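Please build the complex by placing chain V with the ligands on the supplied structure of chain Z, with the hints as guidance.
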Amino acid sequence: MKYPSQAVAKPYFVAAIALFIVQIAFGLILGMQYVVGDFLFPEIPFNVARMVHTNLLIVWLLFGFFGAAYYLVPEEAQRDLYSPKLATILFWVFLVAGGLTVLGYLLVPYATLAEITGNRFFPTMGREFLEQPTITKIGIVIVALGFLYNISMTVLSGRKTVVNVVLLSGLIGLALFFLFAFYNPVNLVDDKYYWWWVVHLWVEGVWELILGAILAYVLIKTTGVDREVIEKWLYIIIAMTLITGIIGTGHHYYWIGTPVYWQWWGSIFSALEPIPFFMMTVFAFNMVNQRRRDHPNKAAVLWAMGTAVMAFLGAGVWGFLHTLSPVNFYTHGTQITAAHGHMAFYGAYVMIVLTIISYAWPKMHGREAANPRAQVVEMWSFWLMSVSMVFITLFLTAAGVLQVWMQRYSETPEPFMVVQEKIALFYWMREAAGVVFMVGLLVYVASFFVKPGAAEAPAAAEAQA
Amino acid sequence: MAEVFTKNMARNMYYGGGLFFFLLFLGLTVDTELSAPERDNRGAITPQVALGKKLWEENNCIGCHSLLGEGAYYAPELGNVYERFGNSTIAIKAYIRGRPKEGIPGRRSMPQFDFSEEELDALAEFLRYANGIDTANWPPNIQG
Ligand code: HEM
Ligand code: HEM
Ligand SMILES: [Fe+2]
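Top to bottom, those sequences are chains Z and V. For the first sequence, position 358 matches number 358 in my numbering, and the numbering has no gaps at all. For the second sequence, position 65 matches number 65 in my numbering, and the numbering has no gaps at all.
Quick caveat, the hints were computed from the structure, so don't treat them as lab data. For clarity, every value in this text was computed on a predicted model and none was experimentally measured. Hints are supplied without guarantee of correctness; some may be wrong.
[Said to hold, decoys possible] Once the Cα atoms are required to be at most 20 Å apart in a straight line, the calculated PhoX-like pairs of lysine-lysine come out as: (1) Z/Lys221 to Z/Lys2; (2) Z/Lys10 to Z/Lys85; (3) Z/Lys232 to Z/Lys160; (4) Z/Lys160 to V/Lys7; (5) Z/Lys232 to V/Lys7.
Isolated chain V, as found in the complex:
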């Protein structure tokens, strides 16, 4: 690097560039927030969905599953499981309720969480809400 580009210029590029792009990022964030209601399905957020999200978190479902493509890659994507299960919360509930305590021999297993009926409803409603978020047509197909 020749002397035409001095250390001071490099430093200014760091501070100036960092600041400029952080401010731009904040601007884009504001715009994202303003237009969010069109996409994020907030109309579907009920106290029941909130309970579902809490259960989702307090049982660490994300430690095996992905949700909208983020999380772990050990078990099926659940952002569109509502659709995959034929738009049926009943099927989702039945699935979660039906997990054997000791797992399935030789197969990747999901724990039995012993949820109450109310909790199962909340989880299923949470997954239905997630399914309603406008994800720009992701995933590519029903298999997630």
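If we strip away everything but chain Z, and leave its shape as in the complex, we get:
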């Protein structure tokens, strides 16, 4: 770590991992409710557990992105962060706002939460992923603005690397498109149309810029490959992201009351969306093969390559699977969607945050890398989480195919609830894979506490960054 102010990223990373654990705990509750319908009912109804699961996911990924920016932007800009104090204040604001919101979900009925937070004056609640009370949304905007101010001041008055500029533009896009969360017309078609400007233009647009920038940064650091080469790759990848992903939004406009031509626009452009993800995989493997140094942080390199592969599988392959309109006609809103959502979010965004934490955490503690024993444990957690996520995806895909077959495609379609009971076996298997995922996550946390072996201790202490 070159600049003391980079250390403000620490609490962000700690909070990210803590919330990640809670997110997965609620995932396990949801998985249980899928098979034991009255599990925790009526104390924690499914919809409440789901909000906690998905909103915590978003919040901890944002903590991860913010932390990543606070860590890498000063180093790239070659100056200290504009205001470490602002970063610390915003951390607490965000944590308290997020914590109170989740407690609100759990402690009072959702309608009561809407009532006491004045949703009637400015209704924005009750839409998937955007369930937060309006005041929480305003809080998010304030935190994001403060964060962007801090980062922009740092970037603009320092060395302007491609990584910094791309990261900053992704973060600005993130804040801009979130503003559509405040647009909630009564007209359902309009509502849905612009809802996707938050959800799709985030994960298949601006977040990919953030992903690309962080990945490029870690590859520059760990492989020692010439910056020029990596920057060119980064530009091409994110160019393809925007060229395919913006019109690709059309893959959500097939069946919600929008013009039929979206079936063409959406199918053609979104079918090209795997390209940037594929390029990311080629990029990561090429850079590692051309490396000029063997970085001691093997775990971080593994996470970086894992991100590229799993993002391609989850977003690229599982996205393509259901993106053409004739296929989507049958799979829309089934377990196929859930399968894709899980692997894509995990592969792209969860893993990139774990990559930067893996790289930056030892650096922030004055070491080039964690001790080899700790790295071995960390790599175990990598495989446990990634393999169990592959299985979660496969089980949900199997459930989805059967669901489509019995409920949508068959000559004698069966009712939703009947079909759900018939495919319960796959939900049980998903739950089992979920438990393994949780174990992997706990192993991950444990890896931070693993002490070096007796023979390694002196060497590790000397390897100052």
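Chain V with the ligands in isolation, oriented as in the chain Z frame:
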């Protein structure tokens, strides 16, 4: 990648491509908005439907159900429930009113929301309005 394709060209492709396709997207959005009245059943939007949508949101129905295929996948699709229930708002109201407080043992359960008669009417009318949106013949059949 050979030197024929330089970093500057890559950067221009990013800015140029991003801008071009965003503008194209805005153009398609304008066209979508202009032709929306033909499909989006806006004629059916009454104050009652607006109240129904508000109740739909403030009780987070989307956290279990999907509506036009979006939302959660734990409970039946409701975009066409009006048709599935024999084009009857009365049946929808009766269903929502009839949910047992403690759930149904062992079965996925829907909460009892204790809605008033007026609120039930509004929710049912909202679902009827949603059912009237032209969704290019989705879902494939009545089961949603
Ligand atoms: C990292 C990138 C991505 C993430 C995190 C992601 C995540 C998601 C999530 C969570 C949903 C469900 C949204 C809902 O609840 O309604 C979804 C839907 C969808 N995604 Fe992705 N996605 C990504 C990339 C892609 C790509 C590249 C494609 C196409 C090749 C794609 C195709 C689709 C389609 C077609 C749907 C709609 C499914 C339906 O009709 O129910 N996604 N995605
Ligand atoms: C890092 C790991 C995970 C990520 C990134 C993640 C992400 C998500 C996302 C994005 C959704 C919304 C899906 C959609 O609308 O298509 C979701 C829903 C859900 N997740 Fe997870 N999740 C993770 C782990 C788990 C685990 C371990 C389980 C259970 C074993 C689980 C169970 C569920 C369930 C049951 C739903 C609700 C699906 C529905 O709407 O019916 N998740 N999760
Ligand atoms: Fe999408």
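Checked hints:
no.	hint	verdict
1	Z/Lys221 to Z/Lys2	holds (13 Å)
2	Z/Lys10 to Z/Lys85	holds (13 Å)
3	Z/Lys232 to Z/Lys160	holds (15 Å)
4	Z/Lys160 to V/Lys7	holds (15 Å)
5	Z/Lys232 to V/Lys7	holds (5 Å)
In terms of the numbered hints stated before, the structure departs from none.
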